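Letter by letter, the chains look like this.
There are 4 protein chains.
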Amino acid sequence: MDVDKMRAGLSERSEHDGWHVPGLEPVTVEPGRVVVRVEVSDALVNVAQTLHGGAAATLVDVVGTFAIMTADRHSRPGVSTDLNVTWLAPAPLGEFVLVDATVLKTGRSMAFVTADIRRESDGVLSVQGRMTKALGPPPS
Amino acid sequence: MDVDKMRAGLSERSEHDGWHVPGLEPVTVEPGRVVVRVEVSDALVNVAQTLHGGAAATLVDVVGTFAIMTADRHSRPGVSTDLNVTWLAPAPLGEFVLVDATVLKTGRSMAFVTADIRRESDGVLSVQGRMTKALGPPPS
Amino acid sequence: MDVDKMRAGLSERSEHDGWHVPGLEPVTVEPGRVVVRVEVSDALVNVAQTLHGGAAATLVDVVGTFAIMTADRHSRPGVSTDLNVTWLAPAPLGEFVLVDATVLKTGRSMAFVTADIRRESDGVLSVQGRMTKALGPPPS
Amino acid sequence: MDVDKMRAGLSERSEHDGWHVPGLEPVTVEPGRVVVRVEVSDALVNVAQTLHGGAAATLVDVVGTFAIMTADRHSRPGVSTDLNVTWLAPAPLGEFVLVDATVLKTGRSMAFVTADIRRESDGVLSVQGRMTKALGPPPS
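Protein chains in written order, with the working numbering: chain A, 10 to 149; chain B, 10 to 149; chain C, 10 to 149; chain D, 10 to 149.
Hints may contain errors.
Stated by the list, open to error - Taking CB as the label site, the calculated pair distances span:
no. : chain 1 : residue 1 : chain 2 : residue 2 : range
1   : B       : Glu129    : D       : Ala57     : 37 to 43 Å
2   : C       : Pro146    : D       : Glu34     : 36 to 42 Å
3   : A       : Lys14     : D       : Ala52     : 32 to 38 Å
4   : B       : Ser130    : D       : Pro146    : 48 to 54 Å
5   : B       : Gly132    : D       : Glu129    : 46 to 52 Å
6   : C       : Asp51     : D       : Phe105    : 26 to 32 Å
7   : C       : Val56     : A       : Thr111    : 32 to 38 Å
8   : B       : Leu134    : C       : Ser84     : 21 to 27 Å
9   : D       : Glu129    : C       : His83     : 32 to 38 Å
10  : B       : Ala57     : C       : Gln58     : 49 to 55 Å
The set of hints was computed from the structure by calculation and includes no laboratory data. On a predicted model such as this, the values are computed, not experimentally measured, just so you know. No residue lacks a Cβ here, since even glycine has one placed at the ideal position from N, Cα and C.
Could you put the whole structure together from the sequences, leaning on the hints where they help?
Spelled out as structure tokens, the structure:
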């Protein structure tokens, strides 16, 4: 794993033209764990002015995928098969959140990751998610 | 339920400033079921140029919430507690998909919805998701 | 797929010594779909005298696995990676339920199945679940 | 919370006549967390002679429910709305596993719990699950 490349990738991911969450700041990038900080900006909220469920699910997917890439020796992003998300507390507009993704297991063909989203101001757990990815064949 | 109001709401939801999926076209809006058509545009894809997992999760959330509102006599959108998504086949850039959300149950305090996302061209199931929402107290 | 063998397997599964649900009656066994009828007996209930959540999850797993075997040309049972269950209505002691499992997709290496559990007396949906399995290599 | 009563309840739960996992030994019972040790006996395995998926789901449900009761000031067991389970590694016959359930949040009307199942011999994570329960009205 090239940590600097990963950090750069995370920041770029936050700017590209496809589906993305704007404003990701890498906090920790190490083998099997990635932590990202992001502001709950205008672009991320629902009508109640809190972090949208779809934005939360996207954060679990994006940050979880980076964590898997740091743990796989071929840095494969894989293809998701399953994702689940539970909401525990709202993250209001203007708040910063920390998305902390930890790889549970990475094997020959499958990888598994869990992610917590916490409010930075008080540390309260806002979202917990888990994702399973099929890694496909290693590059030959 | 005011169907015209719901249709207008769905189209507006697709234009507002917060987290949203651009380009939703309501196809069916009836009590307990909402079907929406959407193009897999540049804004919705991942690096593989297929519908992003986070966009799929957002579609389950947004269209599922509208379906719940059509089924609840107070049109409450509720607050999500759980969402799960399974990916079965990719939906490539330029394809149109149909998001078909059906309410499984709506009660006094909880509502449950399932949603299928199919490719329009060949009818293949791309995503299946389910969501649970707490409805909160009815308006007095 | 040998349907008679599958039916026999389902009935045996209901009698063996490991973790199992007693009393499974095969109703429908066809490629990609298996329906089983089972009584909510003393052995299947929780302290509230309704179908235990763990029994419901086991039914999704067992009947879903049989459905996958009917759809895979090597009849592979696979190894589960993910299962989710949502409870919608209780199934009380003495009631019969129908567990209806439909394969969503079966591919080279992964299979996906959804299952509904309905009360026989009134057709009310009690449980909905979904399961993902890794199939492993085909037998050589 | 009466810890002794909880411990006794856990042991009894393991012996009663309804759907249950035999052989639960309480290891830790404290507010918001319950750890149970259990042998992967003949009664808990699938045809591959490893912990059955349905037994794992039942352990998440049963131990998770006890953890919620230790955290709720009315000791309400609640009614499950959602459960998800991911399998990471098998737990073979004869192995002991530790089921470690931690409450993520308990509120006025909903409670959330996560549970890890690890092999005792090598500490490998075998299963991770999460459950959401509706608590119902507090006793008057």
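We went through each hint and held it up to the structure:
1. B:Glu129 <-> D:Ala57: 37 to 43 Å: At 41 Å between Cβs, range holds.
2. C:Pro146 <-> D:Glu34: 36 to 42 Å: holds (38 Å)
3. A:Lys14 <-> D:Ala52: 32 to 38 Å: The hinted range 32 to 38 Å is violated for Lys14 (chain A) and Ala52 (chain D), with Cβ atoms some 50 Å apart.
4. B:Ser130 <-> D:Pro146: 48 to 54 Å: holds (50 Å)
5. B:Gly132 <-> D:Glu129: 46 to 52 Å: About 49 Å separates the Cβ atoms of Gly132 (chain B) and Glu129 (chain D), which means 46 to 52 Å holds.
6. C:Asp51 <-> D:Phe105: 26 to 32 Å: holds (29 Å)
7. C:Val56 <-> A:Thr111: 32 to 38 Å: holds (35 Å)
8. B:Leu134 <-> C:Ser84: 21 to 27 Å: Hint holds: Cβ distance 23 Å, inside 21 to 27 Å.
9. D:Glu129 <-> C:His83: 32 to 38 Å: Roughly 35 Å apart at Cβ, these two residues keep to the hinted range, so it holds.
10. B:Ala57 <-> C:Gln58: 49 to 55 Å: Holds, at about 50 Å.
The structure shown violates just one earlier hint, number 3.
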